[in-house]
Amino acid sequence: MTEEIIIAGFGGQGVLSMGKILAYSGVMQNKEVSWMPSYGPEMRGGTANVTVIISDDRISSPIINSFDTAIILNQQSMDKFEKTIKPGGLLIYDPNGITRHPVRRDINIYSIEAADEAGKLGLSKVFNMMVLGGFLKLKPLIAPEYLHKGLQKSLPVRHHNLIEDNEKAVEIGKALLKPVLVLN
Amino acid sequence: MGELRLMKGNEAVAEAAIRAGCDGYFGYPITPQSEIMEYLMVEKPHERTGMVVLQAESEVASINMLYGGAGTGKMVMTSSSSPGISLMQEGISYMAGAELPCLIVNVVRGGPGLGTIQPSQADYFQAVKGGGHGDYHMIVLAPASVQEMSDFVKLGFDLAFKYRTPVLILSDGAIGQMMEKVELFDPIPRRTNEEVIRQCPWAATGKPKERDHIIITSLDLDPAGQEKINLKLQAKYRQMKKDEVRFEMIQCEDAEYIFIAFGLSARICQKAMDIARAKNIKVGLFRPVTLFPFPAKAIAEISKKVKGMLVVEMNAGQMIEDVRLSLDSPQKVEHYGRFGGIIPAPDEVVSALEQQIIGG
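As you go down the protein sequences, you meet chains A and B in turn. The first sequence begins at 30 in the working numbering and counts up one residue at a time. The second sequence begins at 4 in the working numbering and counts up one residue at a time.
Some hints could be false.
Stated by the list, open to error - Cut-off 27 Å, straight-line C-alpha distance, at most; resulting in silico cross-link-like pairs (DSSO-like, lysine-lysine):
#1 B:Lys212 / B:Lys132
#2 B:Lys285 / B:Lys244
#3 A:Lys168 / B:Lys274
#4 A:Lys115 / A:Lys178
#5 B:Lys282 / B:Lys300
#6 A:Lys182 / B:Lys239
#7 A:Lys178 / A:Lys203
#8 A:Lys182 / B:Lys47
#9 B:Lys282 / A:Lys112
#10 A:Lys109 / B:Lys274
#11 B:Lys335 / B:Lys307
#12 A:Lys154 / A:Lys166
#13 A:Lys154 / A:Lys168
#14 B:Lys282 / B:Lys239
#15 B:Lys47 / A:Lys178
#16 A:Lys182 / A:Lys197
#17 B:Lys335 / B:Lys274
#18 A:Lys182 / A:Lys207
#19 A:Lys109 / A:Lys207
#20 B:Lys244 / A:Lys115
#21 A:Lys207 / A:Lys168
#22 A:Lys203 / A:Lys149
#23 B:Lys274 / A:Lys115
#24 B:Lys165 / B:Lys239
#25 A:Lys149 / A:Lys115
#26 B:Lys274 / A:Lys112
#27 A:Lys154 / A:Lys115
#28 B:Lys282 / B:Lys244
#29 B:Lys310 / B:Lys274
#30 B:Lys210 / A:Lys115
Note that these hints are calculated values from the structure, not bench results.
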């Protein structure tokens with residue numbers, strides 16, 4: 030099993046930390062992982078993306094240009110990464126702020142209205158975990174107990190009181206997922 | 004099994020330095036390697052092992068602090084990225100001349116000049132051919148993973164003291180910034196002063212009555228004396244070529260073609276290899292791990308068994324010169340490179356193999 034994922038959105042949406050929690054949970058579950066951020070001259074409010082690879086085998090290149098899954102959280106990232114998904118692959122996106130919806134017909138597409146829901150529930154800090162929940166519902170690569178360990182490892186100890194909220198957000202995210210296009 | 008962590012390459016270097024028993028880190032911040040000193044500052048190794056971490060006023064100051072520390076037999080290191088490493092060249096040459104051990108980490112970014120902060124391998128020549136003035140080499144280690152960023156810190160210090168020489172880890176911005184699983188080695192206690200005196204009889208550790216002064220210098224105005232120093236250095240480099248060559252070969256047994264690549268490029272070639280093999284192109288990967296000493300003999304041997312070789316680098320063609328010098332007879336060797344911070348994509352490398360080697 031190898032899953033190649035791009036997570037892309039605005040800086041501040043928790044894109045990099047979502048990737049880190051996913052990768053660290055993979056380490057706890059004894060998978061091989063790599064986490065490769067875009068680290069260019071980005072600034073706050075600019076775009077941010079991270080490539081996460083989770084595999085049972087040694088990972089070759091941490092830098093890739095096509096993906097099994099793209100998790101897309103803003104329009105710029107939709108424009109840039111929709112075309113990089115492998116045929117038959119998966120696109121999950123939050124429609125909040127999206128003006129041009131996906132056009133591909135050879136991939137599975139799901140939407141997740143996590144930004145709205147997080148705002149309503151006053152849980153905007155864990156918006157990214159709702160999105161991660163949506164992903165894990167479709168691709169259960171990480172068992173819940175390892176996600177818990179991954180959270181413990183990736184969050185600083187002073188934020189360990191937030192682990193419960195993070196796990197709750199994952200469950201909320203699973204329920205928010207809506208199919209847009211599902212291939213047979 | 005050691006402790007498992009998910010770490011950036013830069014963080015792994017810093018943690019490995021503490022665990023290797025390093026006595027002092029001296030550096031100056033520059034992207035994309037600033038996490039090394041940041042991690043050390045947060046971790047406060049002074050409280051863990053007594054290791055000193057100091058932000059110097061410049062790269063020139065850091066390398067000269069290494070000269071001083073190494074002169075007393077201490078295990079010292081610095082890190083920087085390309086422009087900063089250029090600033091250190093005078094000091095590195097002095098350390099090679101004075102036979103002082105130290106570890107230098109270059110997390111390479113695109114150049115020339117201030118260039119870019121994106122990854123590159125364009126400092127190969129500077130690393131393996133000298134960089135500073137005079138006839139000298141450093142041992143150059145090229146990590147291709149976060150695990151090796153950690154492991155090579157320990158290996159680098161071992162080699163630095165074994166040969167009394169500066170050792171350079173030639174990494175790049177991508178390996179510095181990416182996170183992977185690392186198995187950390189168990190901490191080694193810092194050497195006591197008594198151990199330093201015993202293990203480093205050449206070091207300036209204070210003059211007891213029974214021996215002469217120890218003078219650490221790279222200066223000898225008498226040409227005969229200076230030639231003697233040069234001969235000693237050259238003998239050392241020959242010894243390294245005999246004993247310290249390291250490389251990795253992946254799927255070379257049945258290969259008709261070979262990628263030759265170091266560091267991040269080798270990882271990209273591994274993926275390219277998978278893509279090519281799915282198309283029934285039998286390609287293997289030869290990865291030099293030490294860039295000096297260079298695995299010349301092994302490359303000469305494998306070249307005889309294959310139809311062609313593609314050297315893939317994130318530069319305009321640097322290691323390929325050493326590959327060509329390794330060969331006994333002309334071979335089909337071509338170069339594929341991207342520069343200025345652009346990382347070649349795996350399928351791009353496969354196309355290059357098809358066009359330049361197989362079809363060319």
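These are the hints, each one checked on the structure:
Proposed proximity of Lys212 of chain B and Lys132 of chain B is contradicted: the alpha carbons are some 42 Å apart, above 27 Å. Only pairs whose Cα atoms come within 27 Å are accepted, and Lys285 of chain B paired with Lys244 of chain B is rejected, the gap being roughly 30 Å. For the hint linking Lys168 of chain A to Lys274 of chain B, the alpha-carbon distance of about 23 Å falls within 27 Å, and the restraint holds. With a C-alpha separation of about 31 Å, the suggested pair Lys115 of chain A and Lys178 of chain A falls outside the 27 Å cut-off, and the hint is violated.
Between the alpha carbons of Lys282 of chain B and Lys300 of chain B the distance comes to roughly 30 Å, so the proposed pair goes past 27 Å and is violated. For the hint pairing Lys182 of chain A with Lys239 of chain B, the CA-to-CA distance comes to about 45 Å; that exceeds 27 Å, so the pair is violated. With a C-alpha separation of about 19 Å, the suggested pair Lys178 of chain A and Lys203 of chain A falls inside the 27 Å cut-off, and the hint holds. Taking the CA atoms of Lys182 of chain A and Lys47 of chain B, the gap is near 20 Å; set against the 27 Å cutoff, the hint holds.
Under the criterion of a C-alpha separation no larger than 27 Å, the hint pairing Lys282 of chain B with Lys112 of chain A is consistent with the structure, at around 23 Å. For the hint pairing Lys109 of chain A with Lys274 of chain B, the CA-to-CA distance comes to about 22 Å; that is within 27 Å, so the pair holds. The straight-line distance between the Cα atoms of Lys335 of chain B and Lys307 of chain B is roughly 11 Å, inside the 27 Å bound, and the hint therefore holds. Proposed proximity of Lys154 of chain A and Lys166 of chain A is supported: the alpha carbons are some 21 Å apart, at most 27 Å.
A C-alpha spacing of about 23 Å is found between Lys154 of chain A and Lys168 of chain A, which places the hinted pair at or below 27 Å, so the restraint holds. Restraint check for Lys282 of chain B and Lys239 of chain B: not satisfied, since their Cα atoms lie roughly 46 Å apart, outside the 27 Å limit. A C-alpha spacing of about 26 Å is found between Lys47 of chain B and Lys178 of chain A, which places the hinted pair at or below 27 Å, so the restraint holds. The hinted pair formed by Lys182 of chain A and Lys197 of chain A meets the criterion: a straight-line CA distance of about 18 Å does not exceed 27 Å.
For the proposed pair Lys335 of chain B and Lys274 of chain B, the alpha carbon gap of about 22 Å is at most 27 Å, so the pair holds. Only pairs whose Cα atoms come within 27 Å are accepted, and Lys182 of chain A paired with Lys207 of chain A is rejected, the gap being roughly 31 Å. The hinted pair formed by Lys109 of chain A and Lys207 of chain A meets the criterion: a straight-line CA distance of about 23 Å does not exceed 27 Å. Between Lys244 of chain B and Lys115 of chain A the CA atoms are separated by roughly 46 Å; this puts the pair beyond 27 Å, and the hint is violated.
Between Lys207 of chain A and Lys168 of chain A the alpha-carbon distance is near 15 Å, which keeps this suggested pair within the 27 Å criterion. Restraint check for Lys203 of chain A and Lys149 of chain A: satisfied, since their Cα atoms lie roughly 17 Å apart, inside the 27 Å limit. The straight-line distance between the Cα atoms of Lys274 of chain B and Lys115 of chain A is roughly 16 Å, inside the 27 Å bound, and the hint therefore holds. The suggested pairing of Lys165 of chain B with Lys239 of chain B holds, with an alpha-carbon distance near 10 Å, which does not exceed 27 Å.
With a C-alpha separation of about 34 Å, the suggested pairing of Lys149 of chain A with Lys115 of chain A is violated against the 27 Å cut-off. For a cut-off of 27 Å, the pair hint linking Lys274 of chain B to Lys112 of chain A stands: about 20 Å separates their Cα positions. Taken as a hint, the Lys154 of chain A and Lys115 of chain A pair is broken in the structure, with Cα atoms around 31 Å apart against an allowance of 27 Å. At roughly 38 Å between alpha-carbon atoms, Lys282 of chain B and Lys244 of chain B are farther apart than 27 Å, so this suggested pair is violated.
Simply put, Lys310 of chain B and Lys274 of chain B have alpha-carbon atoms about 21 Å apart, close enough for the 27 Å limit, and the pair holds. Taking the CA atoms of Lys210 of chain B and Lys115 of chain A, the gap is about 69 Å. The hint is violated against a cut of 27 Å.
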